Amino acid sequence: MQLVATPFFFYLLSGLSLLGGVLVITRRNPVHSALALILTLLALAGIYLMLYAPFVAGVQIILYAGGIMVLFLFVIMLVSIEKAEKERQFNKLWLVGIPATFAFGTVIVYIFTRSKILPVLLKKPAPVLLESNNTQQVGLVLFGNYVLAFEIASLLLLVAIVGAVVMAKKRI
Amino acid sequence: MFQISILHYLVLASALFVLGTIGVLTRRNVVIVLMSIELILNAVNLNLVAFSRIWDLNGQVFTIFVITDAAAEAAVGLGILIAFFRNKETVNVDEVDLLKW
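In order, the protein sequences belong to chains A and B.
The opening position of the first sequence corresponds to residue 1 in the numbering used here, with each subsequent residue numbered one higher.
The opening position of the second sequence corresponds to residue 1001 in the numbering used here, with each subsequent residue numbered one higher.
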């Protein structure tokens, strides 16, 4: 298969996203974590562009980096973080959690590298995905096969809005 | 220069997943735990988009659904956080024990 992804950009963007991820889970101030998460999200949007998914990249920037992160920063503004900054940041689980998680990640990568089906998939000629009409094709699939799921997603968003308003009310 | 294959993207996604899981398991601040969940969801999204490169567009459509889900989860989770902060004046996960006997 022929990917136009140049290795330089791949390693640059993946390095940026991993740096952002490490900063998210190590910073003491949640605002710094949120800014690092925005870095990760933007780097991932670039990687989506490299994978011929411009619509998903746009949705990632608009919805994630623009919408959800503003929600996070707004809530950080509402809760006071000065007291939490002075406390212990990691709980007692870290001694077990970090090695166990790394072992789990090693298992995942081992499965990916040793799998019999992935080389078969990679040998398959890649479908011709044109960037120019990617949005049109995604829309056709979204409103064709997945129209019921689309409607259910709108219902989910309605439930989430109502739930968030009820949760944030003065007295529950 | 060697070619970047789908496997590279999958390994990057697993690295992000591991980072997010470490954040969920070890941090005490609820806001950062929610951000780590966003990291995990982004790892899943990267997997889906990478597989949609060699399969067809269904992966990208699923990515849109996952992003919708992330928005709903963030809204409800942060709403719960505000309600919790109003009651106990803290944002630490290990002090969330209202339902413990």
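No wet-lab data here; the hints were simulated from the structure.
Where hints are given, some of them may not hold.
Claimed, not checked - Covered, in the sense of this in silico footprint (three residues per stretch, anywhere, with C-beta under 8 Å from a C-beta of chain A), are these stretches of chain B: (1) 1007-1013; (2) 1017-1024; (3) 1027-1036.
Bear in mind that the values here come from a model prediction, so they are computed numbers and not experimental data.
Every residue, glycine too, gets a C-beta built ideally from N, C-alpha and C.
Exercise for the section: Report holds or violated for chain A covering the segment 1027-1036 of chain B, Cβ cut-off 8 Å, minimum 3 residues. Expected result: n = 8 at 8 Å, threshold three: holds.
Exercise for the section: Go check the segment 1017-1024 of chain B versus chain A for me, would you? Three or more residues, Cβ under 8 Å, otherwise it fails. Expected result: holds (count 7)
Practice task
Confirm or reject the coverage of the segment 1007-1013 of chain B by chain A under the rule of 3 or more residues with a beta carbon closer than 8 Å to the chain's beta carbons.
Solution key: holds (count 6)
Checked against the numbered hints listed earlier, the structure breaks none of them; every hint is satisfied.
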